[in-house]
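Participant: Could you put the whole structure together from the sequences, leaning on the hints where they help?
The lines below spell out each chain.
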Amino acid sequence: MRWLLLLLLALLTAPLRAEEVVLGLSQDQVSISTNFDGSEIIIYGAIKRETPIPESDPLQVIVTVSGPLVPVTVRRKDRRFGIWINVDAVDVDAAPSFYAVATSAPWDEIITNTEDLRHTVSIPRAIRSVGAPMGVDEPQAFTDAVIRIRSNNGLYALKEGAVELRESTLFNTSIRMPANLTEGDYATRIILTRGGEVVSVYETGIDVRKVGLERWLFNLSREQPLLYGLLSLTIAIAAGWGASAAFRLMRSG
Amino acid sequence: MMIYLPIAEVSVNAFLLLGLGGMVGVLSGMFGVGGGFLMTPLLFFIGIPPAVAVATEANQIVASSFSGVLAHLRRKTVDLKMGTVLLVGGLVGAALGVGVFNYLKSLGQVDLLVKLCYVVFLGIIGGMMFFESLNAIRNTRSGKPLARKKHNWVHGLPFKMRFRTSGLYISVIPPLIVGVLVGILAAIMGVGGGFIMVPAMIYILGMPTKVVVGTSLFQIIFVTAFTTLLHATTNYTVDMVLAVLLLVGGVIGAQFGAVLGARLKAEQLRILLAMMVLGVCGKLALDLLLQPTELFSIGTAGDH
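Protein chains in written order, with our numbering: chain A, 1 to 253; chain B, 1001 to 1304.
To be clear, the hints were calculated from the coordinates, so they are not data collected in a lab. The reader is advised that the hints may include incorrect statements.
As the list claims (entries may be wrong) - In silico lysine-lysine, BS3-like type, Cα no more than 30 Å apart, as pairs:
no., chain 1, residue 1, chain 2, residue 2
1, A, K48, A, K159
2, B, K1210, B, K1081
3, A, K77, B, K1115
4, B, K1283, A, K77
5, B, K1160, B, K1076
6, B, K1265, B, K1210
Facilitator: Structure below.
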């Protein structure tokens, strides 16, 4: 039904002209508080045109949300002396701590390989690895492992067809962020494609921050580690002593 | 109720943590042990990063031992002089332990080190306790008394010192060595080390049983406090929220445990504890021996 409408509209329209995104976010800030249990961000918007909808290939939308790029070390276990221990390590120069891609159509139909490479859209493209040290076999396996492990943790996700697109104009999708998020500026992109070619890219950011007590404790532990250590000892001793004193009172009273 | 731990950066169920604290608290109340050697592996099992589990557990032990030491000080069952000697060794050991810990962390082998230590020590202690209590049960049935050696190699060493509370005149070398070893274990395993120190004090140093627990608690508090500070300042891995939750559960659990423990026979208790220790040891050993489903792991860069 949607395709039929699209086709109809496409037939009625004039040649290709610039199409732009007008974007809305359900929230442009994610607060990690003490009871943070993940977050769902609704990304919605419209495509603004000065001219009628082009009649060529149908318009498609890709939404990507990327956490901060950080270098990681990937280790591989192997059997040594009868037990499984880490033997090889490969440094991956930059891997997003979180990466979600949502598309309005199956991946093969939405973007060409060249465009994917140019705009680093898909998950494997978002991970930058210069190369493994000599003597490590199958370096690709390490990058694959990053994708596999983070996909299992809900940190990386590719959702084909998760962007709902109405009449080539209105789109919306939701991105699920798990509880084990790290802080940072989450770059959000809306990419419009036609026939696999990128037509327009719109970029914005979602701010993910620890707030309140979480933020205070985390900052203190990094900036004043000695003070933090002393404080945690004091609090723990006070809590332990207080609880047992309360119990003694209860029993005697 | 899920709660986000600021340092571990994972979200866990607060009631699960309270429950774990409570359960280990019951055990520690029943058996009169710190429970660190059970709590730390349990934290691994629920997905707390080992480095955070070890450092946070050290913090929790300080707190849970504190009220114990106060009680022992009131009863004058702490040998402060012996405690201080053990403490000096302990601080040196803790510093060494954190050094080793950080070095292996840079090699990416810290999880292995911690788990191996656990398998080895839990295996030894659990096995020894198991057979000893079996023998004790057999002996009480046949009515044989337990013999204790009075003089051993410890009494031949130099630098002798008089420990009045313990009624000992021995060299300071063995207590220093015991202290160093326990300090290393405290730093690497996130335990108080009471399960090593108590037998060492009784069988190697020949201290009277009544001062053993108080003195070991006295030493443990300072060593684990020092370890906590070292971990907090070098690794930033002490999670205050985690520690407080475990502690509250632990203190409440310990009260129930003490009541429960009074109703059971000592040998039966020991066998129960031994089996539990061997169970945890077995689970950790299987993790090391069986092929893991995921061979790869992700660490922060610059760690190797």
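Participant: List in ascending order the numbers of the hints, as given earlier, that are violated by the structure.
Facilitator: Nothing - there is no hint that the structure violates, so all of them hold.
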